[in-house]
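J.: Spelled out from the first residue to the last, the chains are:
Number of protein chains: 2
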Amino acid sequence: MFQVNENYLKLPGSYLFSTIAKKVKSYTEANPHRKVIRLGIGDVTQPLAPAIIKAMHEAVDEMGDVRTFHGYAPDLGYGFLREEIAKKDYQERGCAIEADEIFISDGAKSDCGNIQEIFAADSRIAVCDPVYPVYVDSNVMAGRTGEYDEAKGIWSNVIYMPCTAENHFVPELPEERPDLIYLCVPNNPTGTTLNREQLKLWVDYANETGAVILYDAAYEAYIREEDVPHSIFEIPGARTCAIEFRSFSKNAGFTGVRLGFTVIPKDLKSSNAAVHSLWARRHGTKFNGAPYIVQKAAMAVYSDEGKAQLKEQVAYYMSNAELIYEGLKEAGYQVYGGVNAPYIWLKTPGDMTSWEFFDWLLESANVVGTPGSGFGPSGEGYFRLTAFGTRENTMEAMERIRNLKA
Amino acid sequence: MFQVNENYLKLPGSYLFSTIAKKVKSYTEANPHRKVIRLGIGDVTQPLAPAIIKAMHEAVDEMGDVRTFHGYAPDLGYGFLREEIAKKDYQERGCAIEADEIFISDGAKSDCGNIQEIFAADSRIAVCDPVYPVYVDSNVMAGRTGEYDEAKGIWSNVIYMPCTAENHFVPELPEERPDLIYLCVPNNPTGTTLNREQLKLWVDYANETGAVILYDAAYEAYIREEDVPHSIFEIPGARTCAIEFRSFSKNAGFTGVRLGFTVIPKDLKSSNAAVHSLWARRHGTKFNGAPYIVQKAAMAVYSDEGKAQLKEQVAYYMSNAELIYEGLKEAGYQVYGGVNAPYIWLKTPGDMTSWEFFDWLLESANVVGTPGSGFGPSGEGYFRLTAFGTRENTMEAMERIRNLKA
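Those protein sequences? They're chains A and B, same order as listed.
According to our numbering, the first sequence is numbered sequentially starting from 158.
According to our numbering, the second sequence is numbered sequentially starting from 158.
Careful, some of the hints might be misleading.
[Stated by the list, open to error] Taking beta-carbon pairs under 8 Å as the criterion, some of the chain A residues facing chain B (in silico):
{"#": "1", "residue": "L168"}
{"#": "2", "residue": "M213"}
{"#": "3", "residue": "M298"}
{"#": "4", "residue": "G367"}
{"#": "5", "residue": "V369"}
{"#": "6", "residue": "V414"}
{"#": "7", "residue": "A430"}
{"#": "8", "residue": "R438"}
{"#": "9", "residue": "F444"}
{"#": "10", "residue": "Y449"}
{"#": "11", "residue": "M509"}
These are calculated hints, taken from the structure and not from any lab test.
No residue lacks a Cβ here, since even glycine has one placed at the ideal position from N, Cα and C.
Pulled out of the complex, with its shape left as it was, chain A reads as follows (with noise of 0.2 Å):
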């Protein structure tokens, strides 16, 4: 008889969000009349831009008319696309970064998910500590990490990198040696960053141990501070080393229009191929191109009107960021992130656990946050808001949480 894949079957219970969502559901059916503001899922909530709006309206015209019908898009995306974003997120910034290095998909969740598949079954594979959990989960069904220690919260062939107040939230280069490194920056949910000193120290270590470094760059557009690169190609040896990762879902507010793109270097190359053709490959054999209309609403984005209402978007998310910090210290906790990232981490207090948290701020502020523990070992104990969220819940929610403290 037929088997399934048993590496699936090691993942414990449901993934996190869905865990949430339960809970939430559960407290909202028992308490009908309180008022929950989610502050927890990194999902937007500001409207596209009028600019995107216009250029989807027009995009599904040409769709409309015989003469101007779009049908398969190319695989890797439209030239139109890959042109422009080569020239303005990456060029402009001074990163030698051409056209047909982008490849467009349908968003960085899959691209982060699928990138593992084009690498060696034996690559040991090294994340920071907390951490977005797809890049574990999806090498948990490669079957790359070994077992799970319940107890612990850890595979047992995975390189945990701590991150955490201690080391002001800034991984150290390992004592394994991994062979895929995978780096969220602005990291997804401490909300800290590294400053080009530090990143550095990462591309220098992967070029000497022949490590590839798997660079999610989704909350680029939340960065202020100078000495922050807003990618890794801005970092001297990364063309050798890195593969980065885009989205347009938090600069523009498309987690539900679905697009972002995956830079590989052609100078990526390993002993036995080179990565660019690899991953090519893999689009052209199981994607079939992100929509056309789509891909269009992006061009908006880096139109000069469209860059002016995402300026303005993003900073309506950073006040938010800044009234979670601002208010979250004077009530008294310790808080980290929301400088260059729309993500909140806090220190739970005393002794209690991410999860206990979460049930206490949920029945006692009817206010939701994810537990730290979701995103590995080294997030038990803290928390994540988001800045996501309209500004008269942010305000709301903060004012619940001073007042339970008070």
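Given chain A, work out where chain B should sit, using these hints.
T.: Only chain B this time, still in chain A's reference frame:
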């Protein structure tokens, strides 16, 4: 040093359609004044139907308003669409399929390519020969196919089921036992189908031997004969042995819009797990939902207005199919398919190989088709033409081909 997935390196040369594109490009560059007619790739040419365009504009407007904005879609698809599909495509046809057995995705190609990863690494696969190349290629990438014999064009660990004029393009039950059986009905590229009795044989075989049928029904909308099932779930017993892939590309012109779905009955179980939960987990980890706008557009496909418009669109393409079928017959070719499918499959004249015929047709009639050998070794000596061109181009192509033979 890091290593890539060596299975990728086993894939021979470039993808079929890239080779065709290169040949056509070099011909048109050398002969800029000739009008080349492309009846090669299965891409549609008619614009999206007015009902779909209207639904898209409305959904775009919703995305531009904070009160109706939609962020992340549910990973498995919006309930409204899953309900509609379950009802209109399945329950109304007498198939016992529930909404939560429908998984919405960005297209059938992604799903057909990704599905293999939820099965055991040592699963044995069987494919019709010739067939859509994604089934074999995605299994090559996963290391299931053994070694490639360049001369014969076959993989050592794939069970090929030849479908040729000799067996009326009906695959025979294999002698070796497969775990996963890919069936594409109506078939791409031959345009042939299985009737109810023929399909029942496969369902019974799969249930008896413990195999899974991976049933690609992307061309279901083109079925015109009464005795040909539109879904494998019309056959009793399919709930315990089949997964079905569906697409909006060919019934509604979504090739550049991207939407499809996969049906996994909850009764499909291996000795180690239920398949349904694995695919849900894959979607949750490596996919982030299909765009709201596109899922709303799909709802228009099921509206009375949309159905009427799309019926006309399918009829348009099927008139092309008739033109090609009859035209080729008149010109003295042996012709197959084209009755329940938008593909016409012809035997190349004399001793011509598929690629020789490709070159000859391109040079002498300036018509592009697809060499049968690109779909598998038993496709050698055959050639595919598609009905997805415009009426004008299709007529002109047939005129040219008729004149050639005269």
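J.: All the hints need checking, so say for each whether the structure fits it.
T.: Here's how the hints hold up against the structure:
no.	hint	verdict
1	L168	6 Å, holds
2	M213	5 Å, holds
3	M298	7 Å, holds
4	G367	3 Å, holds
5	V369	5 Å, holds
6	V414	5 Å, holds
7	A430	5 Å, holds
8	R438	6 Å, holds
9	F444	6 Å, holds
10	Y449	5 Å, holds
11	M509	28 Å, violated
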